[in-house]
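*Asks:* Chains as they are written, first to last, in my numbering: chain V, 30 to 156; chain D, -8 to 164.
These aren't lab readings, by the way, just hints derived from the structure by calculation. Quantities reported herein were computed from a predicted structural model and do not represent experimental measurements. Misleading hints may appear alongside valid ones.
[Claimed, not checked] Coverage of chain V stretches by chain D, computed from C-beta distances (three or more under 8 Å per stretch; other residues unrestricted): (1) 34 to 41; (2) 74 to 81.
[To be verified] Pair by pair, the computed Cβ-Cβ distance ranges are: (3) V:E85 to D:L117: 32 to 42 Å; (4) D:G42 to V:F56: 29 to 39 Å; (5) D:Y119 to V:K86: 35 to 45 Å; (6) V:E103 to D:L117: 39 to 49 Å.
In this text, a Cβ means the ideal position worked out from N, Cα and C, and glycines have one as well.
Here are the chains, one letter per residue:
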Amino acid sequence: MKRIGQILKIGDIFVISFISISFVATFFIFRLLPNKGWFASIYVNGRQVYHLSLMEKKDVIVMGAQGRVRVRIEDGRIWVVESTCKQKICVRSGKISRIGEVIVCIPNRVMIRIDGKARLDVDGVTM
Amino acid sequence: MKSTSRYINIAMLSAAGSVLFIVETLIEAPFPWIRLGLANIVTLIALQWWGLKEAFAVVVLRVFIGSLIIGRLFHPVFFLSISGSLTAAFVMALAMQYNEKLFSLIGISIIGATVKNMTQLSVVYLIYIRQITVFYLIPLFLFISIVSGFLVGIAALLISKSSVISTIYRTQI
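Please take these sequences and the hints and turn them into a complete structure.
*Replies:* Listed below in structure tokens is the structure:
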């Protein structure tokens, strides 16, 4: 048995690299692009208090358990600008935009969540 | 090739393909859509030894007989198998013209596996699940195509080079 390098022809290497590149490209395109959510819900103490479109640009003040939480929506993303809580974990959570992502502020009992169905709603595919 | 020996050779290769097809359904895959496509070995060898017509005959026989035996004739999986295998055979026949010069059997096998998987995905979309979400599986299928195509290609290469098998199959009757 010859070594694998002697068997592979130039076309094989081209084919393998082409498909690998397509794999990486489609992998990242599908991961990043399409699962942006269109709506976000804000919950306080488990009760939904806001249902907002991510397409507008606005600030919302939510009354949490300890005080105000200022939430901003811009460019299809939502984030907490300032909060009365101590640790500011919610502020440091950053901006979210994809379905299923959440920001939680435990002291204020506030949760922000991007609504929408999960990305892959196929049960299974067989061949 | 004389016509009797031609029929016998096609029949023998189809039988081998059916066995591979059946054995493969017995292997429990970690995910339902991951399969090696072992039966592609037979298509590749038919193409290598003879040509497109014979390969088509082998593919059709293999899928029909294999599906009949595992009890899935005209099951959705049957249509996926036959559409995928036929398009793969066609494209591999095109690539086979550059065999030895540009591609080895490994490259041709990877091309075939990719074409097969993409065809099956399109058939799933067109007939069964009419949702664009089906195409989110493309990266996964491309990855599987490379791995399974490579393994199947090596197997086909070894088998087609093996003098014993060659003699058994290509003996003129």
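*Asks:* Check each numbered hint against the structure and report the violated ones by number, ascending.
*Replies:* Hint 2 alone not satisfied by this model.
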